[in-house]
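Residue numbers (this note's numbering), protein chains in the order written: chain A, 1 to 444; chain B, 445 to 933.
Just so you know, these hints were derived from the structure itself, not from any lab. The structure displayed is predicted, hence computed values, not measured ones. Among the clues, some could well be false.
Short derived list, chain B residues pointing at chain A, Cβ under 10 angstroms [what the hints assert, rightly or not]:
1) Gly601
2) Ile603
3) Gln821
4) Ser823
5) Val862
6) Glu863
7) Glu872
8) Thr875
Mimicking PhoX-like on lysine-lysine, the simulated pairs with C-alpha atoms at most 20 angstroms apart in a straight line are [said to hold, decoys possible]:
9) A:Lys378 to B:Lys877
10) A:Lys346 to A:Lys300
11) A:Lys346 to B:Lys877
12) A:Lys337 to A:Lys378
13) B:Lys773 to B:Lys730
14) B:Lys511 to B:Lys596
15) A:Lys300 to B:Lys877
16) B:Lys804 to B:Lys773
17) B:Lys511 to B:Lys489
Note that CB positions come from ideal geometry on N, CA and C, so glycine has one too.
What follows is each chain in one-letter form.
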Amino acid sequence: MSGVLSFQEKLTREFNTFEGNLNGQAQSSIHMLRQQAMKRFVELGFPTIRHEEWRYTNLFPVLQHEYEIMLQSPSQLTQADIEPFLLPHTDANIIVLVNGVYVQALSRLVSSSDALQVMPLAEALKRKPMLIEQHFARYAAWQDDAMVALNTAFSVQGVYIEVAPKAVIEEPIHLISVNDAQRCHTFIPMRHLITIGAGAEVSIVETTSTFCAEQYASLTHSVSEILLAHNASLHLYMLQNDREHAHCVHNTHVYQEAHSTFRSIVITLSGGLVRNTLNTVLAGHGADAHLYGLYLVEDKTLVDNHTCVEHAVAHCTSNELYKGVLDGSATGVFNGKIIVRPHAQKTLAYQSNRNILLSRAASIHTKPQLEIFADDVKCSHGCTSGQLDDEALFYLRARGLGQERAQALLLYAFAGEMTEKIDLEPLREHVESVIAARLHQERD
Amino acid sequence: MAKEQIDILDDVVSSEYKYGFVTQIEQDIAPRGLSEDTIRLISAKKNEPEWLLEWRLKAYRQWLTMKEPEWQNVRYPPIDYQAISYYAAPKQKAKPKSLDDIDPELRRTLDKLGISLREQERITGVHDGLTGGVAVDFVMDSVSVATSFKEKLASLGIIFCSMSEAIHEHSALVRRYLGTVVPQGDNYFAALNSAVFSDGSFCYIPKGVRCPMELSTYFRINAENTGQFERTLIIADEGSYVSYLEGCTAPMRDENQLHAAVVELIALDNAEIKYSTVQNWYPGDKEGKGGIYNFVTKRGIAHAHAKISWTQVETGSAITWKYPSVILKGDYAVGEFYSVAVTNNMQQADTGTKMIHIGKNTKSRIVSKGISAGRSQNSYRGQVRIGKTAQNARNFSQCDSLLIGDMCGAHTFPYIDVENPTGIVEHEATTSKIGEDMLFYFNQRGIDTEQAIAMIVNGYAKEVMNQLPMEFAVEAQKLLAVSLEGSVG
Numbered sequence: 001m002s003g004v005l006s007f008q009e010k011l012t013r014e015f016n017t018f019e020g021n022l023n024g025q026a027q028s029s030i031h032m033l034r035q036q037a038m039k040r041f042v043e044l045g046f047p048t049i050r051h052e053e054w055r056y057t058n059l060f061p062v063l064q065h066e067y068e069i070m071l072q073s074p075s076q077l078t079q080a081d082i083e084p085f086l087l088p089h090t091d092a093n094i095i096v097l098v099n100g101v102y103v104q105a106l107s108r109l110v111s112s113s114d115a116l117q118v119m120p121l122a123e124a125l126k127r128k129p130m131l132i133e134q135h136f137a138r139y140a141a142w143q144d145d146a147m148v149a150l151n152t153a154f155s156v157q158g159v160y161i162e163v164a165p166k167a168v169i170e171e172p173i174h175l176i177s178v179n180d181a182q183r184c185h186t187f188i189p190m191r192h193l194i195t196i197g198a199g200a201e202v203s204i205v206e207t208t209s210t211f212c213a214e215q216y217a218s219l220t221h222s223v224s225e226i227l228l229a230h231n232a233s234l235h236l237y238m239l240q241n242d243r244e245h246a247h248c249v250h251n252t253h254v255y256q257e258a259h260s261t262f263r264s265i266v267i268t269l270s271g272g273l274v275r276n277t278l279n280t281v282l283a284g285h286g287a288d289a290h291l292y293g294l295y296l297v298e299d300k301t302l303v304d305n306h307t308c309v310e311h312a313v314a315h316c317t318s319n320e321l322y323k324g325v326l327d328g329s330a331t332g333v334f335n336g337k338i339i340v341r342p343h344a345q346k347t348l349a350y351q352s353n354r355n356i357l358l359s360r361a362a363s364i365h366t367k368p369q370l371e372i373f374a375d376d377v378k379c380s381h382g383c384t385s386g387q388l389d390d391e392a393l394f395y396l397r398a399r400g401l402g403q404e405r406a407q408a409l410l411l412y413a414f415a416g417e418m419t420e421k422i423d424l425e426p427l428r429e430h431v432e433s434v435i436a437a438r439l440h441q442e443r444d
Numbered sequence: 445m446a447k448e449q450i451d452i453l454d455d456v457v458s459s460e461y462k463y464g465f466v467t468q469i470e471q472d473i474a475p476r477g478l479s480e481d482t483i484r485l486i487s488a489k490k491n492e493p494e495w496l497l498e499w500r501l502k503a504y505r506q507w508l509t510m511k512e513p514e515w516q517n518v519r520y521p522p523i524d525y526q527a528i529s530y531y532a533a534p535k536q537k538a539k540p541k542s543l544d545d546i547d548p549e550l551r552r553t554l555d556k557l558g559i560s561l562r563e564q565e566r567i568t569g570v571h572d573g574l575t576g577g578v579a580v581d582f583v584m585d586s587v588s589v590a591t592s593f594k595e596k597l598a599s600l601g602i603i604f605c606s607m608s609e610a611i612h613e614h615s616a617l618v619r620r621y622l623g624t625v626v627p628q629g630d631n632y633f634a635a636l637n638s639a640v641f642s643d644g645s646f647c648y649i650p651k652g653v654r655c656p657m658e659l660s661t662y663f664r665i666n667a668e669n670t671g672q673f674e675r676t677l678i679i680a681d682e683g684s685y686v687s688y689l690e691g692c693t694a695p696m697r698d699e700n701q702l703h704a705a706v707v708e709l710i711a712l713d714n715a716e717i718k719y720s721t722v723q724n725w726y727p728g729d730k731e732g733k734g735g736i737y738n739f740v741t742k743r744g745i746a747h748a749h750a751k752i753s754w755t756q757v758e759t760g761s762a763i764t765w766k767y768p769s770v771i772l773k774g775d776y777a778v779g780e781f782y783s784v785a786v787t788n789n790m791q792q793a794d795t796g797t798k799m800i801h802i803g804k805n806t807k808s809r810i811v812s813k814g815i816s817a818g819r820s821q822n823s824y825r826g827q828v829r830i831g832k833t834a835q836n837a838r839n840f841s842q843c844d845s846l847l848i849g850d851m852c853g854a855h856t857f858p859y860i861d862v863e864n865p866t867g868i869v870e871h872e873a874t875t876s877k878i879g880e881d882m883l884f885y886f887n888q889r890g891i892d893t894e895q896a897i898a899m900i901v902n903g904y905a906k907e908v909m910n911q912l913p914m915e916f917a918v919e920a921q922k923l924l925a926v927s928l929e930g931s932v933g
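Bound conformation, chain B alone (with noise of 0.2 angstroms):
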């Protein structure tokens, strides 16, 4: 490769991660340690009900006795559970009138995470009533600190909003349909979530209302020695439609930091929830120090006729370890899952989804593309069930990976299990890298290796990029470029 071409991809590996900065606020963060206590703590913080600190604790008791899971195809050092602060809010004052009274450090927050200043308004809570637009919810170190729209969505009769207020205002829905998916002790880390989770979104579509707008969460990691727990719960009634979407970003820092967040869909009859996510924690520098650890559980429950759709840009995370999930309970219902996930330097990811068939005539599609570059590994590993009383399920699954450099790996761990004769299950992977022909022909065009590769990549992408709603497409194809660039050579 030519020398100037190695001095622009040097720029530009060391301009990598553009989140990376610390917002001064004030905040009010928990002492370091996990116990009852600290539990306590955040139950009485939060002012919560009787019934949920019970559920913390049995939760918390649940995670006492369980081992931290060891099977997953990545590495890192043992975490140590009391050296985290479960707990970090920012410190605000009472309910903003307009933007000269939100907190400066929060707004130059928002500057940076690039949303405009109308959508500033409208998360801070300013300026309600615009129509269309996205709907935000805007979450640092585990507590919301502001949703916008809120009363144009009330008048439909959808509620979004923080988790602590649904568990205050909402709190029957709450309750109903808390822990139904993914219950307190389903594997460590929710465990571990159900015991101290601060905040989250919640959010209802009630029967027959289609949601106009987008829903939005940002997830943002500020404090040092802090984990992120948040819970999100999405519930859409029957005949509903909702698009959600979440992003997440974290400041550079030396040490790890946990996060271990539980997100519920449930689609009741004929509903359908589209999720989306845009995952872009700090993965660390490029000796791998540093990054975040997402370790998180997925699940939605399919109702009849009910479809929820999961699509995912991972490009962030030290370690990403996911399987956002699909149980097709009701007949003819469908699950869809559409990743990409990138890794570079030294990043890990072991991710997939788990697509579990029970009613009638239930289809799935699975679409995975993996990328991975520089000294990083990249798993995909799924499973598809179809048990004994799915009659004519259906699932296709697709695993598709493309190698950069010749020093990092990528695998492909697929279960599929059949009980009945009626269901179909196709599943084909390949691993590949980009072509030489490929490259030579844009080079021979004008076009240089590194535009080249965004290009390629972006192409092998496509299918899942499609599926991302319009204000998330523009920004993950971006993403995916910048989380490459310098991986060539």
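The shape of chain A in the complex, shown without the other chains (with noise of 0.2 angstroms):
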């Protein structure tokens, strides 16, 4: 607990000095909206597990440890560092963050500048003022979220990526978040802004990385807003695969104007704490969406996946599939919210969640929920825990296949349905070798 207190003053120390350096920008709109989400962060404080939003989450443990708040500081790394992230034949977007700092030194864009531009969005709210009063914090609502009005209080790192109206971007953009922690306990908030303008088309991949040193720790703390305006369409693949010391507290706040589409796949394969909060707004008539989770982990990771799909207007669709694995001592926490607001009639939501359980220590908490508020709607959810088919074990084993290659072919299986879902060709290979390699499964 103290060390949680002790982090939270620090952070209130850092925002100050952080004040003290602005240079007469500390009038400006977005600071005074800095300081009221500070002021906010500090009056809710740290979500407790009594909140339940975090009921089987307990930040506390991952809070304790003396953190240097990263700002404006990335740390010098190469070209040959971020290699080994990249995805392999690819003819990507390359965007890389260092410790949240847009490094344009290591990014490569490929697309026309006419159809995407990427900078960092410090820079991109001092050049755009009307994206404050546009888009900035209007997606991601931090009155009553404490680590968005924290994240929304240090959102000085990041980046702004816009794609313009009807614009069709064949590569996919690739967001690296490469963390430094080799020399201490590192907290690295960052902020992205996105705007899909009408009729475009992008695929946006994101993942994590960390080097870290043993003893050492870090927590990534993102909140990324995305616009899709009428008819834009957006696949958001995000991959975490890293080390059991990199904890992260990702939100994802989307909002989907008429006829948009949006798909996103979140892949889980271990970490530390991995929280990921996926909410959609549908606010547009015919808007579209489909969110799919894999979580494979092992060890002590926890994962938790928070989504919300909210259907504001009428007429829209949504559809959700998540489905882990656990094994070790690992947990998977999944709440899953559906809400159709009054008036938005015509609504089709689906939802599903399931897990199975491989060894004793591991547990699953799920909380599908389904708030209705219009009558002429489709809603369902279900969800299972359980373990794999005996009778499909034993077709197996009478085919001569031992316990453990036939218990794999089934989790590969199991996984298999979420990984084919992606459509980008590399990525999926990736995910696929990855996931082979931890069941020790034969790729075909």
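If you follow the hints, you should be able to join the two separate chains into one complex; please do so.
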């Protein structure tokens, strides 16, 4: 507890220092917002397990470390350090963030600058004041969420990505966050704003990787706000395969206008405490959201997926499927919320969460939640937790496969339902090979 | 919709709650307010032993330190606990010899509640000794008025009496089990109940006895400004069986009344308890004025090979807030929960169950059907927990919601916690409305929309209705149709 309080005090101190360095910008509207958000964070404090949304995810052990708060302090990484994190055989737009700071020298944009613009968030907010009025902090509500409030207060690093209307970007955008925790415990706040113009199409891959020494922990805290204008389409992939001391709290808030399509696949393979909040608001008629997730974790990893699909208007559809395999003493948390607002008639919303527990120390806490205020809707959710099907195992064993191989094959197939939803060929190959290696399963 | 149809609907709507009468019986009412003195007064009036007074006071002191819960999905103005009278009892003279000796007002009450003359005789204790049927304990304003069939049950060793009687005559049993399933400090309303409970039913089924008839309690709130706080304790000893029914009604009043009961079930090895409720407290008028706040804690504990089954049909109350739960403590224990919750007009319901698996090879099954109409809000909230020790535990849950009208809400909050890899848990939930095509099919065959809805809803709730004992099933089916009348449109 004391560690958490001192961290909270440190954050306040750091915020004051940061304020002092602003040079006359302290009165700008963006900074007024930061101040309000900081005030709110101090009021709320870090969420405890008494908080409904954090019931099973205890942040406090993670917050005990004496973190250095990384603000505008990228470390000296070279192209060679980044190389292993790139997707093989891909002609992608690469955006590299080191300790939250956009490093242009390591990044590479291949799409035309008419279609795609990338710049540090702080610069974008300075150059385009309309962003603050129209988008920034509009989708991620900080008033009730301490973590979002904290992030809003420290919203100085991260990127702004703008996809022009009608631009169809063939090459995926690969957002690589590299954290350097080799010399101390590091806390890295990051804030992204992504606007996708009307009728534009794009795929974004987000990965986080940490260089860390055994004794140091890192905590990445990112909030992304994404606007999908009408008819826009986004495929968002998040791949989390980090070290056991690398903790992260990710918030992604999507706002969908009419006839836009959002498709996300969140894959968690390892890490310390991994918390993903993914919210989407279907705000225009005919908007469509597909949320998929796969967590395949072992050891002491805690993976927590909180999703919320809000049907604000009529004639929208959403579909959600999260699957998980928990081994070792891993803990899985899934909280899927579907809210259908009054008058959001003709809504179709499906949600499903399926889990397999492999060890006695593993546990799963799942809470699929429906809140429906309109009557002409079709909504359903289902969730299961169990083991591998005995008969399927027997079938394979009767054909001469050993217990372990049979089990691996079935788990690989269980995960396969999710991996085959990845449209990006190189990413799918990569994910499949990581999963296969984990399960000691030969790939066909 | 045709105009005449609307007229019919209006008729029905205006004649909705038929149990909304007040009985002019002389009452013995404690002054309003809650303090240690009130508790001492209740305890003194009931001539209770010292240990129980201490027990109550301990609960009260705990209650003082607790905060009223806010997490539930219901909204109501704050309750002033000092404006409630915590004790009200109909004044009654010596034991009745024949029906003529019974307070005529009480008899009229029973009449209006539709309890037959024969049953009235039994309830009021006139004509004991009939075979078969239902043994009824009638509780008005938290005091048990009469219990029927006592002697017949006594010959089998079954104890079925009011709580106050049990405290005097079966003190050892009460003392041993009271508060073992729902401790005093369990939650805010259970603590309040433990402090001020005035009566309720007590039931003990001895080893290996199969109770030959349904045991039943009829709860009725009558007096104004009172809260009803009854406490029911049912103990089924090894290898025994009992089926228990509970019914509730209240007069129509403009202000809200609080009903905070506690029910504890204990099923020892190989025993089976079947507990059915048809809850029809006054739900308030169309604008949401008045009605009962039904904040109830119900929980059972099932030992090895025991079975506890909760069946509930919830149509009444302005606010229903209850979670009949089962702790599956022994190996091979079974827990079941079947529920139909109907909300109309401005009603709010937050109800569901908890199945806590502790023993090996325990099984539980949850079937919940929510129906919301008007401007009501209906939530299912449940927890299934497979503990580390619960090898091969199994759960199946199904919660369906049906929406009638575009102003109502249906919500589901299931919590599933699995800590044992051998546990298998399945949960599914759906929300939908009555399809136009279904209604068209009925209309086409000359069945009007109103009737069609009643039939569809009855079909929808059939899985739960089938679990009710005969006596209740018919009543519950009618109740369901009446609750939803006027909701089409």
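Status of each hint after checking the structure:
1. Gly601: This interface hint is violated because 44 angstroms lies over the 10 angstroms limit.
2. Ile603: Check failed: Cβ of Ile603 of chain B comes no nearer than 42 angstroms to chain A, outside 10 angstroms.
3. Gln821: Since the shortest Cβ distance to chain A is 9 angstroms, the answer is holds.
4. Ser823: holds (8 angstroms)
5. Val862: holds (4 angstroms)
6. Glu863: Cβ of Glu863 of chain B sits 4 angstroms from chain A, so the hint holds.
7. Glu872: Holds. Min distance 4 angstroms.
8. Thr875: This hint holds: Thr875 of chain B lies near chain A, its Cβ roughly 4 angstroms from the closest one there, short of 10 angstroms.
9. A:Lys378 to B:Lys877: holds (8 angstroms)
10. A:Lys346 to A:Lys300: violated (43 angstroms)
11. A:Lys346 to B:Lys877: Status holds; Cα separation ~11 angstroms.
12. A:Lys337 to A:Lys378: Measuring from Cα to Cα gives roughly 15 angstroms; hence the hint holds.
13. B:Lys773 to B:Lys730: violated (44 angstroms)
14. B:Lys511 to B:Lys596: The given pair, whose Cα atoms are some 45 angstroms apart, is violated under the 20 angstroms limit.
15. A:Lys300 to B:Lys877: violated (44 angstroms)
16. B:Lys804 to B:Lys773: It holds: about 9 angstroms lies between the C-alpha atoms, which stays within 20 angstroms.
17. B:Lys511 to B:Lys489: Given that 20 angstroms is the threshold and the Cα spacing comes to 29 angstroms, the pair is violated.
Checked against the numbered hints listed earlier, the structure breaks hints 1, 2, 10, 13, 14, 15, 17; every other hint is satisfied.
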